[in-house]
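J.: The chain contents come next:
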Amino acid sequence: MNTAGPHTFTSQPKLRTVALSKSYGSVVALADANLDVREGEFVTLLGPSGSGKTTLLMNIAGLVLPSSGEVWIGGKLSTFLPAHLRDIGMVFQNYALFPHLTVFENIAFPLRMRRAPEATIAKEVMRCLELVRLPELAQRLPRELSGGQQQRIALARCLVYSPSIVLMDEPLGALDKKLRDQMQLEIKAIQRRLGITVLYVTHDQDEAMTMSDRVCLMNKAHIEQIDAPEALYFRPKSLFAADFLGDSNIFTAQLRGGRLEGPGGIVVRAIAGTPDGRISTVIRPESMRLLAPGEAAEGEAQGVVDSAVFVGGFARIFVRLVDDTVLQAKRPTQMGAALPIAGTAARLGWPAAATILLPLEPPA
Amino acid sequence: MSARAQPGVWRHYLGVAPVVAFLALLFLYPLGDMLWQSVLDQNDNLTSEHYRAVGANPVWFRVMAITFEISAWTTGFCVVTAYPIAYLLATSSEGTRNRMLIWVMLPFWTSFLVRTFSWIVLLAQRGPVNRLVQALGLADAPLALIYNFTGTMIGMVHALMPLAVLTMLSVMTNIDPRLRSAATTLGARGGEAFWRIYFPLSLPGVAAAALMVFITALGFFITPALLGGRQQTMISQVIIIQVSELLNWGFAGALSVVLLGAALVIYLLYDRLLGLSTLAGGERSATGGTHGMIGRIGGVIGDALLAALGRICDLVQQGWEAISPPRGDRPRRRVARGVLWVCVLLLIGFLVLPALIVVPVSFTAGQFVNFPPEGFSLRWYETYLGTPAWIEATFRSFIVAALTGALAMALGVPAAFMLTRARVPGRAALLALILSPLIIPRIVVAVAIYIFYARIGLVGTTAGLVLGHAVLAVPYVIVTTMAVLKTYDERLDQAAASLGATRWRTLVHVTFPLIRSGLIAAFLFAFVTSFDELTISLFVSGGLVSTLPRQMWNDMLLQVNPTLAAASTVMLVLITTMILAAEALRRRGAAR
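As you go down the protein sequences, you meet chains A and B in turn.
Going by my numbering, the first sequence runs without a break in its numbering and finishes at 364.
Going by my numbering, the second sequence runs without a break in its numbering and finishes at 592.
Just to be clear, a hint being listed does not mean it is correct.
[Stated by the list, open to error] What follows is a list of derived Cβ distance ranges for each label pair: (1) B:Arg-332 <-> A:Thr-102: 26 to 36 Å; (2) A:Thr-344 <-> B:Arg-516: 54 to 64 Å; (3) A:Leu-339 <-> B:Arg-516: 52 to 62 Å; (4) A:Lys-178 <-> B:Val-316: 41 to 51 Å; (5) B:Asp-176 <-> A:Tyr-24: 18 to 28 Å.
[What the hints assert, rightly or not] Here are a few chain B residues that sit away from chain A, every Cβ distance over 12 Å (derived from the structure): (6) Arg-62; (7) Ile-175; (8) Leu-179; (9) Val-258; (10) Pro-325; (11) Asn-370; (12) Ala-454; (13) Thr-506.
If you're looking for bench data, these hints aren't it; they were derived computationally from the structure.
Remember, predicted model here, so these are calculated numbers, not experimental data.
Beta carbons are placed, not taken as given, at the ideal position from N, Cα and C, and that holds for glycine.
Let's have the full structure, built from the sequences with the hints guiding it.
T.: Now the structure itself:
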C-alpha cells in the first residue's frame, strides 16, 4: 500500500550516507551503503538479523563510528560528529527509558539538555504526553508502565525536541502482535501529522510494508534494493529480495524466442523484451491459480496436488510436477468451498506479466 | 514432584537441615553463649560489670572511635578508588573486562599476610617507595609511610578495594548501556550523561560496596597491628589481647557484643535508607528508600547536586568543544577515556605490586629483607625447609584447608540446591542465617567460637580448626553454587527424568558434570578461605597446632626476616597452582 503522503519532498535530502562501511577486524558489518532519506519521508531498513541494518542506524546516530564513507544530516557532514550534536532522535529497541526518572523527567530530559526554560519544558512535555494520549502518567516511573505505554513515552521523549530526523531501532519488537499492529498505525499517523522524517529498522516485513514510504532491503551487510513497498514486492531486483518478501516460487528456466521453459514442463508464453538465455524466474503464489479442464493461461504447469493447507483467510496448494519440483499457489478461502484433494491431477496457470525474470543466480 | 507436593514439603528442608544444624551449633550457640558470658561474673552471677568497665574507661571509647574512624576513611578511599575501576570494567567489552578482572582479583587470591608483609617491605623507611621518592627529588627526608595512619590506610584500602570493585561491578554491569546512548542522542554531553543517568543508577552499588567495606574493616587487626602505630589500635586488637593474654573472656565478650551491635546498627541504617535487597544487586524498590522526610530531603539535595555536577562537566566540555570544535570529517580523540585508563592502570598497579614483590625478596642473599634483593640465593628457602615449625604449619594448613573444603561442600551444596530450586517459606530467613557469618565482623565469630571451644575442649585441635573455618567457608560455597545453579537449565534434569533416570542418576550423570566448574570454584573458595584464615586460627590453634598464617603472624610480630618472604612465596605458589589447576580443569570441562 504505497499511499503517497501529503509531504513536500525537497531536493536536499534530510539524510544521506555515502559509501558508508563498517568492519570489525575482518568482519564486514556494513559495506558501501548509499542511502538518501528526504524530508518527511518514512524509510525502513528491512533485512534478516546480521544484515547490517542496525549497524547502519548506529552509524547514523553516531553511536558507532564508520570505517569509511560519509554521513550527511541536514546538509551537514556529520560522519564523526558526537551524537549529542547531530540533532537526531532515537527510539531504542527496549525503549531505554531512564528507570530512575519519572515519565515527565524522561521527556523533559532532552529539553533540559538544551537549557530550555522551565515553563517551556512543562508546556512541551504535556503537549507530547497528549500527543501519545498518556497525559495522566506524567508522575509515574517507567517500570510502572506497560510495554505499550513505555513505547509511547519513548516516542514522546524523542518528539519533544523536534529533532531533524527520528531513528527507530525495532521499537515494536517487544510487543505482542495485536499491540504491535495498533502501534504501527499510531506511529504512522503521528509521523504523517507532524511531517517528521523517520528512519526505521525492523526485520518484520509486514511492519515495513505497512509503515514505509520506501523500504531499504538489506542483506549480508549491503543494501539489496531501495524501493516503495509495492515496487519491492512486485518488481524485486534480486532473488534475495523476491525470496525474502512474501512467498515465491523460484526456478531456473530457459528463454527462447519469447517462450520460457522451466523444470517439470513449466511453460510461459508471450514474454517480450528479454534476450534469450538461462534465467531466474520468480512467480508469486497468489498469481497462480488452479485451471479448470480445458482452460488455458499464458503460464502453465501440470502436476499432482501434493497437499492443500488451510491457513485461515487463504489456503496454500502445493502441486508436484513430474520432476518433483513443487509449486505453491495461494487462494482466498470461502466458507463451504472444498480444498483440492491430495493426489488428484491439477494444472496451474498465471499471466505472463506476473512472471518476474531475473538475471541467473543459483537459487538461494 | 507436584503429585507428592503436600506431604513432601518437609523434604525440601532436608537439603538445608545439616547446614542449619551446623551453624546453630558452631555459630549461633557460641554467639549466644558469648552474649551470656558477657553478663556473668566470675561466680556465674548476673552482672553488668563488663559493660560498665567498657563504659567507665575512656580508653575503650577511644579505641571504638578510632576503629570507626579508620573504617570510615578506608570506606571513603575504597569507594573513590574502586569506582573508576568498576566503571571502566563495566563499560568495556566482556573480553577486556575478564582480562582486567584477573588483575583486580589477584590480591584477593593472594594471602592477606603475604600482602601485609609486602607493604612492610615496600613502605619501610629505607624501602623502595621512599628511595624512589627521594630519587625523584620529591622529598628530602624519608617519608613516614609505615607504623602510622598512612601505613594503616594503604594496607586496608589495598585489602578491601577488590571487594568494593566486585560489589560495584555487580550493579554496574546490570546498567543498560543503551541508557547512556539514549542520553547522548537526546543531546547530553558525556559528563552530563554520566552524572544524570549513569551515576544515580550506580549508587546502589556504591552504597552496597561502602557497607561491605565498612563492616569488614571494623573487624580488622592484622593491618593496624603490622602497618599502624599505637594511635591506630583497633577494637579487634584489644579483644585479642583480652582473650589470649589477659584471659578476660567476659570483658572480651562485652567488647565483641559492642562491636556486633555497632555493625547491626549500621545494617539497620542502611536498610532504612536503601533497603538491604540492593545488597544482592536487586533494584531499588519504588517506595523503599525514598519514603520518609529524611529520604525525600536527601533525594532533593542529591538531585540538585547531580544536576550541578552534570552542569559543571557540561560547561567544561562545552569549553573544550569551543577550543577544539568537533568536526564531521574526522573522529575525535577520546581524551576522557584515555585519562580514565591511565588512572585505572595506576590503581591496578597499586593492587598488584605487593603480590609481585615478595618473590624476588625471598631469593635475597642478604641478612635482611630488602628490595631490590642483594644477590641471589636459596638460603631462606633452606631455612624455611629446615625449620620443623614452618613445615608442620604448612602441612597443617593444607590438611585443614582440604578438610574444610570437603566439609563446606558436603554441607553447602545440598543447601544451595534447595535454596535455588525450592520455593519454600522461610527461604529469605535461611539465606540470611547462612550469610551472616560473612557479614558480621570476623573477630566476633572468632571470640565466640573460642569461648565455646574452651568449654568443650576443642582448642588446639585440627577438628576445631576445620569446624571453625567451615563456618566461614560454607557461605562462600553456598553463594558460589547458587550462582552456578541459577544459570543451570532445570529442564535438563526433567529431560533426564522423563528418559527414565532416577533422581540420583540424574544428579551424577547430568547435573554434576554440567556444574562441575562451579563446584570446583566453590571448593576453591572454601580452601583458600581456610588456607588464609588467621582470626579464628589465632585463638583456636592454641600453642601446639599452628597453621601457616599463624606461624607467619608470630614471626612477623617478632622480626621481619627473609624466611617470611620464602614462606609467603610458598603460599603464593600453592594458591596460584590450585587456581590454575582449577581453571585448567574448567577449560577442559568446557571444551568437551
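J.: Evaluate each hint against the coordinates.
T.: Each hint tested on the structure:
Remark: the range hint 26 to 36 Å for Arg-332 of chain B to Thr-102 of chain A is upheld by a beta-carbon distance near 33 Å. A C-beta distance of roughly 59 Å is found between Thr-344 of chain A and Arg-516 of chain B, which places it inside the suggested range of 54 to 64 Å. Checked against the given bound of 52 to 62 Å, the beta carbons of Leu-339 of chain A and Arg-516 of chain B, roughly 55 Å apart, stay inside it. Roughly 49 Å separates the CB atoms of Lys-178 of chain A and Val-316 of chain B, a value that falls within the hinted 41 to 51 Å.
At roughly 22 Å, the beta carbons of Asp-176 of chain B and Tyr-24 of chain A sit within the given window of 18 to 28 Å. Even its closest Cβ contact with chain A, about 41 Å, leaves Arg-62 of chain B beyond 12 Å, as expected for a residue assigned away from the interface. Its closest Cβ contact with chain A, about 9 Å, brings Ile-175 of chain B to no more than 12 Å, contrary to its assignment away from the interface. For Leu-179 of chain B, the shortest C-beta to C-beta distance to chain A comes to about 5 Å, within the 12 Å cut-off, and the non-interface label is violated.
The claim that Val-258 of chain B lies off the interface holds: its Cβ sits roughly 38 Å from the closest Cβ of chain A, which is beyond the 12 Å cut-off. Consistency note on Pro-325 of chain B: stated as away from chain A, yet its beta-carbon is not over 12 Å from all of that chain's, at 10 Å minimum. Every Cβ of chain A is farther than 12 Å from the Cβ of Asn-370 of chain B; the closest lies at roughly 47 Å, confirming the non-interface assignment. Listed as outside the interface, Ala-454 of chain B is consistent with that label: its C-beta sits roughly 52 Å from the nearest C-beta of chain A, beyond the 12 Å cut-off.
Here Thr-506 of chain B stays apart from chain A, with its beta-carbon at least about 35 Å from theirs, past the 12 Å limit.
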